[in-house]
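**Student:** Sequence:
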Amino acid sequence: MNQFIFGIHAVCETLKLRPKDVAHIIIIKERLSSLVEIVRLAEKNQVPISSYKKEEWMKWVQRQVSHFKEEMSHQGIVAQVKSQKAISLEEVLDHLKEKNELGLILVLDEITDPQNLGALIRTAACAKAHAVVIPERGAAQVTSVVTKVAQGGVEHVVVCGVSNINYALEKLKNRGFWVMGLDAKAEVSLFDMDAHQSLALVIGNEESGLRRLVREKCDLLVKIPMPGAMDSLNASTAGGIALFEVVRKRLKKS
Numbered sequence: 000m001n002q003f004i005f006g007i008h009a010v011c012e013t014l015k016l017r018p019k020d021v022a023h024i025i026i027i028k029e030r031l032s033s034l035v036e037i038v039r040l041a042e043k044n045q046v047p048i049s050s051y052k053k054e055e056w057m058k059w060v061q062r063q064v065s066h067f068k069e070e071m072s073h074q075g076i077v078a079q080v081k082s083q084k085a086i087s088l089e090e091v092l093d094h095l096k097e098k099n100e101l102g103l104i105l106v107l108d109e110i111t112d113p114q115n116l117g118a119l120i121r122t123a124a125c126a127k128a129h130a131v132v133i134p135e136r137g138a139a140q141v142t143s144v145v146t147k148v149a150q151g152g153v154e155h156v157v158v159c160g161v162s163n164i165n166y167a168l169e170k171l172k173n174r175g176f177w178v179m180g181l182d183a184k185a186e187v188s189l190f191d192m193d194a195h196q197s198l199a200l201v202i203g204n205e206e207s208g209l210r211r212l213v214r215e216k217c218d219l220l221v222k223i224p225m226p227g228a229m230d231s232l233n234a235s236t237a238g239g240i241a242l243f244e245v246v247r248k249r250l251k252k253s
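In numbering that gives the first Met the number 0, the protein residues as written are 0 to 253.
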C-alpha cells in the first residue's frame, strides 16, 4: 500500500533512510532549483521525478490525495511512498530487552489534532524515544498531514497503534516500565521525578486530559510548574517539555 508524503524534510528523510520505498516524486516546476539535495538523492537512487507548473501540480495532487486541501503546507513537493511495515509494541519491547536499553516511550491518550500528533512524533524522534503509542480509534492517525508536520520524524521513531491504551500501559508495566502521566492537578513536579528507569510518558487529550482509567493506570502523576498567569500548555508543548526533562536528567547522570 502506498501513501503520499509532503514537505522537503519529510521527503528528504525518506529518501535517505528507505529510498527503495519511494516510487515517484512530483515537484512544482518553479521549486526545482531550490530542491537540489532532493533531486540529487532521487537521481542517485533512480527515483523518478516529475515536475509541473503549480496549477497542474495542484490538480494532480487533488486527484490522487482525497484529503488534500490547497491551504495545506506542502512546500511544492510530494512523494508517493510504500507504507512502512507496522511494528507492534511487543516487538519494540522485545528489541529493548535484547539491547538491554533504558526505555523511553511516549503514550498518547486520544490526541485528536493531527498538528499535535505530528509535532509530538517529531519531538519524540529528537529525544530518541523508542516508540510513540497511539490508540487505533478515537484519535489522530498518521496521515500525510501528520507526516509533513513531523518533518521526517516518522522515519526515526516507531509509531505503534494499539486497540486499548489501558492494556498497553499494563503491558509496559509488566515489562518493567514506570508509567508517568502528565496532569495539571498532580502534586509532584515533573522536575522532581526520577528518569533513571524505563519510562512511559502519558499525554492526555487536548481538551480533557487523561481519562480516568488511564490516570489510574499511572504509577505517578506529575505536573509542569507554571508560575505565570496562564495555567495550561498545548499538548505537544507539554509533551516536549516532559521528554526533554527525561533527556536532561539522563545526560546529566551519564
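The hints are simulated quantities; they were obtained by calculation from the structure and are not laboratory data.
For each residue, glycine too, the CB sits at the ideal point set by N, CA and C.
Mixed in with the good hints there might be a few duds.
Listed next, the in silico EDC-like pairs over lysine to aspartate or glutamate satisfying Cα-Cα at most 20 Å (straight line) [what the hints assert, rightly or not]:
(1) Lys222 <-> Glu186
(2) Lys172 <-> Asp193
(3) Lys172 <-> Glu215
(4) Lys252 <-> Asp193
(5) Lys170 <-> Asp93
(6) Lys252 <-> Glu97
(7) Lys172 <-> Glu97
(8) Lys184 <-> Glu154
Here are the computed distance ranges between Cβ atoms for each label pair [to be verified]:
(9) Asn233 <-> Tyr51: 34 to 40 Å
(10) Lys15 <-> Arg136: 19 to 25 Å
(11) Gln2 <-> Val246: 28 to 34 Å
(12) Gln61 <-> Gln114: 31 to 37 Å
(13) Leu31 <-> His94: 27 to 33 Å
(14) Phe190 <-> Glu42: 45 to 51 Å
(15) Glu42 <-> Arg136: 40 to 46 Å
(16) Glu186 <-> Lys43: 16 to 22 Å
(17) Pro226 <-> Arg39: 46 to 52 Å
**Student:** A separate judgement is required for each hint: does it hold in the structure or not?
**Tutor:** We went through each hint and held it up to the structure:
1. Lys222 <-> Glu186: 7 Å, holds
2. Lys172 <-> Asp193: With Cα atoms ~16 Å apart, Lys172 and Asp193 stay inside 20 Å; holds.
3. Lys172 <-> Glu215: Distance ~13 Å between Lys172 and Glu215 Cα, so the pair holds.
4. Lys252 <-> Asp193: With Cα atoms ~11 Å apart, Lys252 and Asp193 stay inside 20 Å; holds.
5. Lys170 <-> Asp93: 12 Å, holds
6. Lys252 <-> Glu97: Violated, because 23 Å separates the two Cα atoms, which is more than 20 Å.
7. Lys172 <-> Glu97: 18 Å, holds
8. Lys184 <-> Glu154: Distance of about 35 Å is beyond 20 Å: violated.
9. Asn233 <-> Tyr51: 34 to 40 Å: The hinted range 34 to 40 Å holds for Asn233 and Tyr51, with Cβ atoms some 36 Å apart.
10. Lys15 <-> Arg136: 19 to 25 Å: Given range 19 to 25 Å: violated, Cβ gap about 33 Å.
11. Gln2 <-> Val246: 28 to 34 Å: 30 Å, holds
12. Gln61 <-> Gln114: 31 to 37 Å: Hint violated: Cβ distance 21 Å, outside 31 to 37 Å.
13. Leu31 <-> His94: 27 to 33 Å: Hint violated: Cβ distance 40 Å, outside 27 to 33 Å.
14. Phe190 <-> Glu42: 45 to 51 Å: At 49 Å between Cβs, range holds.
15. Glu42 <-> Arg136: 40 to 46 Å: 42 Å, holds
16. Glu186 <-> Lys43: 16 to 22 Å: Given range 16 to 22 Å: violated, Cβ gap about 55 Å.
17. Pro226 <-> Arg39: 46 to 52 Å: 49 Å, holds
Comparing the model with each earlier hint shows violations of hints 6, 8, 10, 12, 13 and 16; every other hint is respected.
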